[in-house]
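The primary structure of each chain is shown beneath.
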Amino acid sequence: MFGDYSLGDLGAIFAMQGFAGLILFSVYVLMALGLAVIFGQMGVINMAHGEFMILGAYVTYLCSTFFQTHLPGLFGIYFFVAMILAFLASGALGMIVEWTLIRHLYKRPLDTLLATWGLSLILQQSYRTIFGAREVGVELPSWLIGSVQVTDTIEVPINGLFVMAITTLITVGVGLLMYRSRFGQQVRAVMQNRPMAGAVGIDTEKVDRYTFGLGCGIAGIAGSAFTMIGSTGPTSGQLYIVDTFLIVVFGGAASLLGTIASAFSISQTQSTLEFFLSGSTAKVLTLLAVVGILMVRPQGLFTLKVRR
Amino acid sequence: MNAAILSSPIIGESPDAKDFLLSVEALTVSFDGFKAVNDVSFYVDPNEIRVIIGPNGAGKTTVLDLICGRTKASAGSIKFKGQELTKISESAIVQAGVGRKFQTPSIYDDLTVFENLEISFPRGRTVWGALTFKRDAEVRDRIHEVATMIFLKDQLKERAEFLSHGQKQWLEIGMLLIQDPELLMLDEPVAGMSVGERIKTAELLNQIIVGRSVLVIEHDMKFVEDIAHRVTVLHQGKVLSEGSMERVKNDPKVIEVYLGH
Amino acid sequence: MTSPVQTLSKSLTVNDNPFMKPMEWVSLALLAAFILIVLPATLDAFRLNLVGKYLTYAFVALGLVMCWGYAGILSLGQGVFFGLGGYCMAMYLKLEASSVENTKIQSTPGIPDFMDWNQITELPLMWKPFQSLPLTLILILAVPVFFAFVIGFAMFTRRVGGTYFAIITQAIAAILTILIVGQQGYTGGINGITDLRTLHGWDIRTDSAKFILYFLNGGLLIGCILAAQYVKKAKLGRILLAMRDKEDRVRFSGYSVAGFKVFAFCLAAGFAAIGGAMFTLQVGFMSPSFVGIVPSIEMVIYAAVGGRLSLFGAVWGTLLVNWAKTTFSESFPELWLFGLGALFIAVVLAFPNGLAGIYRSYVEPRLTRKVKALAPVGAPVPHGTPAE
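Protein chains in written order, with the numbering used here: chain U, 1 to 308; chain W, 309 to 569; chain F, 570 to 957.
Hints listed in this document are in silico derivations from the structure and should not be mistaken for laboratory results. Glycine included, every Cβ here is placed at the ideal spot set by N, Cα and C. One or more of the hints may lead you astray.
As the list claims (entries may be wrong) - Output of the computed footprint for chain F on chain W, the stretches with three or more beta carbons under 8 Å from beta carbons of chain F:
{"hint": "1", "stretch": "386-399"}
{"hint": "2", "stretch": "431-439"}
{"hint": "3", "stretch": "505-517"}
As the list claims (entries may be wrong) - When the alpha-carbon atoms are kept at most 30 Å apart in a straight line, the in silico BS3-like pairs for lysine-lysine are as follows:
{"hint": "4", "chain 1": "W", "residue 1": "Lys461", "chain 2": "F", "residue 2": "Lys941"}
{"hint": "5", "chain 1": "W", "residue 1": "Lys442", "chain 2": "F", "residue 2": "Lys590"}
{"hint": "6", "chain 1": "W", "residue 1": "Lys561", "chain 2": "W", "residue 2": "Lys530"}
{"hint": "7", "chain 1": "F", "residue 1": "Lys802", "chain 2": "W", "residue 2": "Lys465"}
{"hint": "8", "chain 1": "U", "residue 1": "Lys107", "chain 2": "W", "residue 2": "Lys442"}
{"hint": "9", "chain 1": "F", "residue 1": "Lys622", "chain 2": "F", "residue 2": "Lys779"}
Said to hold, decoys possible - Computed spacing ranges between beta-carbons, pair by pair:
{"hint": "10", "chain 1": "F", "residue 1": "Ser701", "chain 2": "W", "residue 2": "Asp340", "range": "21 to 27 Å"}
{"hint": "11", "chain 1": "F", "residue 1": "Leu605", "chain 2": "W", "residue 2": "Gly504", "range": "55 to 61 Å"}
{"hint": "12", "chain 1": "U", "residue 1": "Val200", "chain 2": "W", "residue 2": "Ser382", "range": "29 to 35 Å"}
{"hint": "13", "chain 1": "U", "residue 1": "Val200", "chain 2": "F", "residue 2": "Val719", "range": "55 to 61 Å"}
{"hint": "14", "chain 1": "W", "residue 1": "Phe339", "chain 2": "U", "residue 2": "Gly230", "range": "41 to 47 Å"}
{"hint": "15", "chain 1": "U", "residue 1": "Asp9", "chain 2": "F", "residue 2": "Glu899", "range": "55 to 61 Å"}
{"hint": "16", "chain 1": "W", "residue 1": "Lys546", "chain 2": "F", "residue 2": "Val719", "range": "30 to 36 Å"}
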């Protein structure tokens, strides 16, 4: 399959596909981060995670229209406002959901899965009712349009670079929050030994609620970033949910670094394959490889031997 | 019940390894570098009641986990009637004749006492066997026999969920008895029991010792004195002392661990 | 030592583990009468065919009761097995419909039309076995069950279960859908395999054929219920329940837990495959839209609504949900997804044992009271074994 290309061409293809893979990687990481927090730390499967992401995307869309009509002068920075609002909206919805639904089901993980699937259906239909079935896109501010010419054959789009910058920022932020802050310490304490954490004065229910909210909020930011590179429809979230779950599981559930490494390998494999094969074959091969590896090594890529 | 092993003496070191029912040698397991069990060796004779004691975290439960295959050993060997156990699956270990009772009563809440015992009946253990299993007179008689021994013959039709804590412990012991194992491992069988229940349990253990060996983890020293033929003391994953209860009690190292701080 | 015990056990030698309890026979009779008499007598040909289609999903729900309710293994990929069974059937029917005579306008006559459109000039190897009806009938069961065996064996011997297993099965459903859609030339792509006409020369599109197929479907369904009932009543059924709650205890009672899980998963796959094949026969096509994530998880809700531990409940649940779906999407299409979503949540939060649970805690006590009042000297009503 490499026959028709010269070596220089191949280099450029790999570089550009690699960059396309990096953008996919960014979206995957942002989605998977939220999921890794919820699934990895709480053991809860949130099937509505994609819909929380789409909520962020719709919030961003609303923001962009609002700025366009009411504050055109500030349009250049609307995205930052949108991102914060997306985080707050998804996070708040997440906390409500945790309080009304998830907390009753902590001992029944499979049932959580079904209930959150129900939630995702309701959210999808709500989006359809409110925003219509058609996909919506946001207007990019002028400074995000265009691309940077790296060499004669390689050019990279600015919005892609921007998404990657945001991803890096959020990832570092989440990492600091989980491993360096008091809140992160409490979260990990609750997950490791709930009764003990309760006994030393940690409000475990509150920690659960905030953890879930945090995971959903990050999904909201993912949705916000998602609008930079694609359009948003009521069911867009569902397209990513399986990939995201696989990433989290493949990375070894509880480890943030593992999640990032696994998102990287999956997105790079997929986007490189995509150039040479049809999109669907690339996706099938990637997913098959992941499922195959998980069957042989179910604990994921990055886990330690732990005492059962 | 089991005529295969009857003759060997209860106490006294036998020089020949194949006379032991269970020989654990240089057993070691580490979790992320932490050696929960470190170079542990001990030997159990046929028809012996051996009690393992030791402070919390000494590695007692881990030793049982290793013998029954729940945890895989990092090094060392476990021989049961000359067969190496560290290499075979949990179900094969059970079928070789090792029964294990867990610390918290582990029974099937949704099933009746009868059904709990029936599942443990050592027949029809394959998928096909379980599909074609017949509840015949042999099964019924054996279940009633065991239920009588474990003081539950009037509760056979009750859901296990509704038994008292002590009755649940007995039921699990019964589930092991019905397998007729040559080595029975019990993890704190009298924990949480009332005084009356303890006495009955000691009686039960002395009854079921016929034809088998029992390996018990227990904290209740009174109970240990009542039942133990020999005692092994574990401390920080190592064997600290071994011998009769009398000897172990007077061992300065043991006194140091239990009393001197 | 056994003498007092023997006398005791004699009093218990009455069959305390019958194949079905009286109430269960009644349930079976009610269900059979409803499916095989009431519905055919009251519905027109179109509606009856629609119910026939719903009932093919009931096979999947039945499998889920065994696999999820009993063994505790939630598969979110049952559409895979439904689809594989359905595709096997469809491939045979398609080949029969693509005789050289019927396809003489194609550039390569004698192969299915979609292959011709995709420039395939020879029947692919994987289609060859489906030229034979007996082989097809075997493959309808063998392919999905083998597939389930491979997945189950790989996962369960490595102690993967619970949510991990659910996610993996879901991913497999996604992969298979993408694969079928992507490989148009071999699978018919997104449209699926359509324009099916005859089964071994018998035209399946006529009203009378559909009528007969409906009864075949109903009969097979009741056959599967009886088979599942047999498994449930055998010691194996109790082992599945025991395993679900105390896996380690079962393992340390000398059972190889993985083997039993694989069996439950394969059984569910087999049921789903029969459903899929009957779907193809009655509806006249098979497409990837019955394979993927969404249909797979919807099939779980049928079992959940009926009651995850009740075989009859699974069938009633399937009928009810699908009836609601048809009614709502005809008159209030907007509301249906809200309703379905709410159903998922309500069943999990408020009625974890579904219709069967409601029946058992509210209806049955009253019924038995009435029965007792009618027959005061009758035998005591046996109290139900738990978790049926």
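To see whether the hints hold, each was checked on the structure:
Check result for the stretch 386-399 of chain W against chain F: holds, 3 residues qualifying (beta carbon to beta carbon below 8 Å, three or more required). Judged by the Cβ-Cβ criterion of 8 Å, the stretch 431-439 of chain W is covered by chain F as claimed, because 6 of its residues qualify and three suffice. Under a criterion of three residues with beta carbons nearer than 8 Å to beta carbons of chain F, the stated coverage of the stretch 505-517 of chain W fails, only 0 such residues being counted. In summary, the hint linking Lys461(W) to Lys941(F) is supported, as the alpha carbons are separated by about 29 Å, within the 30 Å threshold.
Between the alpha carbons of Lys442(W) and Lys590(F) the distance comes to roughly 18 Å, so the proposed pair stays at or under 30 Å and holds. Under the criterion of a C-alpha separation no larger than 30 Å, the hint pairing Lys561(W) with Lys530(W) is consistent with the structure, at around 20 Å. Our distance criterion of 30 Å between C-alpha atoms is met by Lys802(F) and Lys465(W), whose separation comes to about 16 Å. Annotation: proposed proximity of Lys107(U) to Lys442(W) is violated, straight-line Cα distance about 36 Å (limit 30 Å).
Simply put, Lys622(F) and Lys779(F) have alpha-carbon atoms about 11 Å apart, close enough for the 30 Å limit, and the pair holds. For Ser701(F) and Asp340(W), the Cβ-Cβ distance of about 58 Å falls outside the hinted range of 21 to 27 Å, so the restraint is violated. Here the CB-CB span from Leu605(F) to Gly504(W) is close to 59 Å, well matched to the stated 55 to 61 Å. In this structure the supplied range 29 to 35 Å holds for Val200(U) paired with Ser382(W), their Cβ-Cβ distance being about 33 Å.
In this structure the hint that Val200(U) and Val719(F) lie 55 to 61 Å apart at CB is violated, the actual value being about 47 Å. Checked against the hint of 41 to 47 Å, the pair Phe339(W) and Gly230(U) passes, with Cβ atoms roughly 45 Å apart. In this structure the hint that Asp9(U) and Glu899(F) lie 55 to 61 Å apart at CB holds, the actual value being about 56 Å. Between Lys546(W) and Val719(F), the C-beta spacing of about 45 Å breaks the proposed range 30 to 36 Å.
In terms of the numbered hints stated before, the structure departs from hints 3, 8, 10, 13 and 16, listed from lowest to highest.
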